[in-house]
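Sequence order for the protein chains is A and B.
The numbering used here puts the first residue of the first sequence at 1, with every later residue one more than the last.
The numbering used here puts the first residue of the second sequence at 1, with every later residue one more than the last.
Hint data in this document are derived by calculation from the structure and do not stem from the laboratory.
One should not assume that every hint holds.
Beyond 12 angstroms from chain A on every Cβ pair, some chain B residues (computed) [stated by the list, open to error]: (1) Phe47; (2) Leu85; (3) Ala270; (4) Val333; (5) Ala334.
Some, not all, of what chain B presents toward chain A, calculated at C-beta under 7 angstroms [as the list claims (entries may be wrong)]: (6) Thr10; (7) Leu21; (8) Ile30; (9) Leu40; (10) Ala45; (11) Pro60; (12) Thr99; (13) Ser202; (14) Arg203; (15) Met219; (16) Leu228; (17) Ala231; (18) Ile232; (19) Gln233.
Beta carbons: idealized from backbone N, C-alpha and C, even for Gly.
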Amino acid sequence: MWREQFDRYWRGLLLSGIGIAAIAWLAATGRLGWYVHPRYFWFTVTLCAIAAVALCAAVPALRRTPRESAAIDAVHDADVDHHHSPGPEPARPARAALMRVLPVIGGVLLIASTAAALLVAPPTTLSVATAQQRQVNTGGGPAGDAAAAGEDADHDARDWALLLRQGGGALVEARTAEFIGFVLPGADGSSDIFFAARFVVSCCAVDAQPLGVPVLSPDWQADHSEGSWVAVEGVFVANPDVTSDQPVVLRPFTITPIDEPNDPYVY
Amino acid sequence: MAAVANRSRTFALAGIAALTLVAAISLRAITDRAGDALALPAALADFVALSLSVFIESLPFVFLGILLSTVVQVWVPQSIIDRVLPRRPALRRAVLSVTGVLLPVCECGNVPLARGLMMRGFTVSEAATFLLAAPVLNPVTIITTYHAFGWSDGILAARIVGGFVIANLAGWLLSRSADQSALLTDGFRAHCEHQHDRHPDSRMQRSLVGIAEETSALMPALIIGSALAGAIQVGAPRDLLVALGSHPLWSVLALMLLAFIIAICSSVDAFFILSLSATFLPGSIVAFLLFGAMMDVKMLALLRTTFTARALALLTGLVALCCLVIGWGLNLVA
Numbered sequence: 001m002w003r004e005q006f007d008r009y010w011r012g013l014l015l016s017g018i019g020i021a022a023i024a025w026l027a028a029t030g031r032l033g034w035y036v037h038p039r040y041f042w043f044t045v046t047l048c049a050i051a052a053v054a055l056c057a058a059v060p061a062l063r064r065t066p067r068e069s070a071a072i073d074a075v076h077d078a079d080v081d082h083h084h085s086p087g088p089e090p091a092r093p094a095r096a097a098l099m100r101v102l103p104v105i106g107g108v109l110l111i112a113s114t115a116a117a118l119l120v121a122p123p124t125t126l127s128v129a130t131a132q133q134r135q136v137n138t139g140g141g142p143a144g145d146a147a148a149a150g151e152d153a154d155h156d157a158r159d160w161a162l163l164l165r166q167g168g169g170a171l172v173e174a175r176t177a178e179f180i181g182f183v184l185p186g187a188d189g190s191s192d193i194f195f196a197a198r199f200v201v202s203c204c205a206v207d208a209q210p211l212g213v214p215v216l217s218p219d220w221q222a223d224h225s226e227g228s229w230v231a232v233e234g235v236f237v238a239n240p241d242v243t244s245d246q247p248v249v250l251r252p253f254t255i256t257p258i259d260e261p262n263d264p265y266v267y
Numbered sequence: 001m002a003a004v005a006n007r008s009r010t011f012a013l014a015g016i017a018a019l020t021l022v023a024a025i026s027l028r029a030i031t032d033r034a035g036d037a038l039a040l041p042a043a044l045a046d047f048v049a050l051s052l053s054v055f056i057e058s059l060p061f062v063f064l065g066i067l068l069s070t071v072v073q074v075w076v077p078q079s080i081i082d083r084v085l086p087r088r089p090a091l092r093r094a095v096l097s098v099t100g101v102l103l104p105v106c107e108c109g110n111v112p113l114a115r116g117l118m119m120r121g122f123t124v125s126e127a128a129t130f131l132l133a134a135p136v137l138n139p140v141t142i143i144t145t146y147h148a149f150g151w152s153d154g155i156l157a158a159r160i161v162g163g164f165v166i167a168n169l170a171g172w173l174l175s176r177s178a179d180q181s182a183l184l185t186d187g188f189r190a191h192c193e194h195q196h197d198r199h200p201d202s203r204m205q206r207s208l209v210g211i212a213e214e215t216s217a218l219m220p221a222l223i224i225g226s227a228l229a230g231a232i233q234v235g236a237p238r239d240l241l242v243a244l245g246s247h248p249l250w251s252v253l254a255l256m257l258l259a260f261i262i263a264i265c266s267s268v269d270a271f272f273i274l275s276l277s278a279t280f281l282p283g284s285i286v287a288f289l290l291f292g293a294m295m296d297v298k299m300l301a302l303l304r305t306t307f308t309a310r311a312l313a314l315l316t317g318l319v320a321l322c323c324l325v326i327g328w329g330l331n332l333v334a
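Only chain A is shown next, with the shape it has when bound in the complex (with noise of 0.2 angstroms):
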């Protein structure tokens, strides 16, 4: 009986419950947009404060139909069960044992791992192993106007990785930059060239891509590691290398490592 009641009520406020409590520390905290665009900001926790007031509402409710509605269901179950086991034959009483046990391990398994990932692994940002699995400037919206408008000054890593592909880099070259991002090697392992990128976000992270200025900085590996954050300033200037993908690079004044940032995405 409890399972029949824990399985059909108590599972699904269990989790939610969770996710819940996940969502509302991290909207509290500010890390609500390592998962989500900003846009959803508002809707995620309004949703989730209306479902809250409903599952706590939903806890007394429970008390008066659960034992009846579940026993109701429990039988019927018993009756499908039994109209469509083709065999004769009882199940042995190991095996119904098991099978009655299996699904409880299965939904505790499962609400502590959704605990352990939502409540208790700390809210990490994506890697630069993602960064390095997905293809480095395909993606961030198309290269345009909105790239182009605004002062140099104001221009993250997107915005520059935006207009160097336009024109084969013709539009950035001589004129001066300085931003931000992470250092992502270069897809060809070069040791001259690494990209200081950003994930850029349209919708939530799975969706995230790495859009990044490739940074001229000979034997960078001896001062940065992978992953690590910089603030680069610097001028772009035609490639010295004419054998590499990269027509134009950044040829830096300065590259100061720095810590992650709070919004380490660009939206």
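Since chain A is already given, all that's left is putting chain B on it; use the hints.
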């Protein structure tokens, strides 16, 4: 006296539930202070982050769907449904397929809503028509698609028309089934049958119990679906898919596969695929926008709470085939 005691007990239980929620938030705050001691290896941390992003993005939509489903089941009088919807099955399905305009919920929120429709007595084919059409034919999806693509290459028109046609075709095919209830899982069928047998005290009581039941049915599926989507993201390199962008057929298949594994919300998928629009042909974009809104790995996990594996295979195959034909055809004429 008994009523007062009963009310006090109700408030006490609700208060305990609220305190449990506060305790969970406190636990999160405490574990956060542990810092690097609880840090996961990079690959596992990425898997958790990606899975959580799918889960957190979907959860409010699932809650909204459950609330709307409860309203449809418990609070909307049958006479209104009878008055508004036509009696002829094809017309009825056609009207249901555009009700997403009034109930703008993304695809994962539509699952509880479709379950609610079936519990209210709608047929499987009618609920499936709504389920497939509503994520495409709703104002949020249409506006974001217009915002991303405008009228260029007929992408918006193809998405709207394609969504309507595929949903109604699938609904018509399911309506030809001799026993539509055989497409449902035993558990959900039994649940529907017992909806009419129960006589709880009030509509509010029915609503609250229904919310608990629906969260119990859908939350495990949402969590497993989110974890699957996260795992696939970590394991499947996108370079391979993107490399197929200029081929009329392979590009359609590649983007349909991408839509299936990325499991992104239909209301914003246009913004995501816009970033790949320079690489892929327009027909492939349309196939992505149609297929992803109707089927993905997370949706399959959610739908499995309701439909048999055979019914889901049939539905997925049909939708995939239609999207492939539309996308490939557009690529050939573009």
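Right, here's what the structure says about each hint:
{"no.": "1", "hint": "Phe47", "verdict": "violated, 9 angstroms"}
{"no.": "2", "hint": "Leu85", "verdict": "holds, 28 angstroms"}
{"no.": "3", "hint": "Ala270", "verdict": "violated, 9 angstroms"}
{"no.": "4", "hint": "Val333", "verdict": "holds, 24 angstroms"}
{"no.": "5", "hint": "Ala334", "verdict": "holds, 18 angstroms"}
{"no.": "6", "hint": "Thr10", "verdict": "holds, 4 angstroms"}
{"no.": "7", "hint": "Leu21", "verdict": "holds, 6 angstroms"}
{"no.": "8", "hint": "Ile30", "verdict": "violated, 9 angstroms"}
{"no.": "9", "hint": "Leu40", "verdict": "holds, 6 angstroms"}
{"no.": "10", "hint": "Ala45", "verdict": "holds, 5 angstroms"}
{"no.": "11", "hint": "Pro60", "verdict": "holds, 4 angstroms"}
{"no.": "12", "hint": "Thr99", "verdict": "violated, 20 angstroms"}
{"no.": "13", "hint": "Ser202", "verdict": "violated, 9 angstroms"}
{"no.": "14", "hint": "Arg203", "verdict": "violated, 12 angstroms"}
{"no.": "15", "hint": "Met219", "verdict": "holds, 4 angstroms"}
{"no.": "16", "hint": "Leu228", "verdict": "violated, 12 angstroms"}
{"no.": "17", "hint": "Ala231", "verdict": "violated, 12 angstroms"}
{"no.": "18", "hint": "Ile232", "verdict": "violated, 10 angstroms"}
{"no.": "19", "hint": "Gln233", "verdict": "holds, 6 angstroms"}
The structure shown violates the earlier hints numbered 1, 3, 8, 12, 13, 14, 16, 17, 18.
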